[in-house]
Amino acid sequence: MRLGKKRAKTGIRQRELMEQIYTLYEQKLYAAAFGILGQVQQAEDAVQDTFVKLVKYLPQITAADDEKTKRLVMQILRSTAIDQYRKNHRESERLTAEESLEQENTLVEFPVKSVEDRELLERIFRQLPREALEVIRLRCYYGFTNRETAQILDISEDAASKRLERAKKLVESKLEEVESYEKKDNCVFSEAYRTAQGN
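In this text, residue positions in the sequence shown follow UniProt numbering: the first is 1, and each later residue adds one.
Watch out, some of these pointers could steer you wrong.
[Claimed, not checked] Derived BS3-like pairs: lysine-lysine, alpha-carbon spacing no greater than 27 Å straight-line:
| # | residue 1 | residue 2 |
| --- | --- | --- |
| 1 | Lys-162 | Lys-87 |
| 2 | Lys-56 | Lys-87 |
| 3 | Lys-87 | Lys-28 |
| 4 | Lys-70 | Lys-53 |
| 5 | Lys-56 | Lys-68 |
| 6 | Lys-162 | Lys-174 |
| 7 | Lys-53 | Lys-28 |
| 8 | Lys-56 | Lys-28 |
| 9 | Lys-56 | Lys-70 |
| 10 | Lys-28 | Lys-70 |
| 11 | Lys-87 | Lys-70 |
| 12 | Lys-53 | Lys-68 |
Quick caveat, the hints were computed from the structure, so don't treat them as lab data.
Sequences are here, hints too, so could you generate the full structure?
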């Protein structure tokens, strides 16, 4: 009888704890999921899956607002969203670089100074191999670190870094091929990669 009461109390406590965690983190989880996936429905699904996966950890959680709880919840969400991102990536491999660019409505937001600059960059990105376009998107558009990019692409950090460098050199070489392109001290390309080089 005592065992039954104890289990009942434990169940009530865990439900209350889950409600507290949901109230505290649901919006943050959704924002993080949407930042990775870029789709409302998939972001909502990732949040729901996160709470489902969290259930088995409830016995070890002491407080909803504990820093360890926050790290655990975000870790589960990130893993869930990245898994979905990889699934999306596998399903979209058939897309060409041009189709991918159109689908994302300009994958990389460059601080262009003129319509001509934007048109030039769009032409160049349409010519990039899928791997180059992908690493630029993750590092410069979504703002992932080199480590996160490596995890998403399922490659080593060294490989992710080298892939970005190759992509940068490829864009630079294509820019140099365009006779009408004039290099400036604060050119469009160098500004665009300023944040990416810090990681």
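Taking the hints in turn, this is what the structure says about them:
1. Note on Lys-162 and Lys-87: the hinted pairing holds, with a Cα-Cα distance of about 24 Å set against a maximum of 27 Å.
2. Simply put, Lys-56 and Lys-87 have alpha-carbon atoms about 25 Å apart, close enough for the 27 Å limit, and the pair holds.
3. Restraint check: the Cα-Cα separation between Lys-87 and Lys-28 comes to about 23 Å, which is no more than 27 Å; the hinted pair holds.
4. Among the hinted pairs, Lys-70 with Lys-53 is consistent with the structure: their alpha-carbon atoms are about 14 Å apart, no more than 27 Å.
5. Of the supplied pair hints, the one linking Lys-56 and Lys-68 holds, its CA atoms being roughly 15 Å apart against a limit of 27 Å.
6. Between Lys-162 and Lys-174, the direct Cα distance comes to roughly 18 Å. Compliance with the 27 Å bound is thereby established for this hinted pair.
7. About 17 Å separates the Cα atoms of Lys-53 and Lys-28, which keeps this hinted pair within 27 Å; it holds.
8. Note on Lys-56 and Lys-28: the hinted pairing holds, with a Cα-Cα distance of about 21 Å set against a maximum of 27 Å.
9. At most 27 Å may separate the alpha-carbon atoms for a hinted pair to count; Lys-56 and Lys-70 meet this at roughly 16 Å.
10. Straight-line distance between C-alpha atoms of Lys-28 and Lys-70 comes to about 10 Å, which keeps the hinted pair within the 27 Å bound.
11. Between Lys-87 and Lys-70 the CA atoms are separated by roughly 26 Å; this keeps the pair inside 27 Å, and the hint holds.
12. With a CA separation close to 16 Å, the supplied pair Lys-53 and Lys-68 stays within the 27 Å bound.
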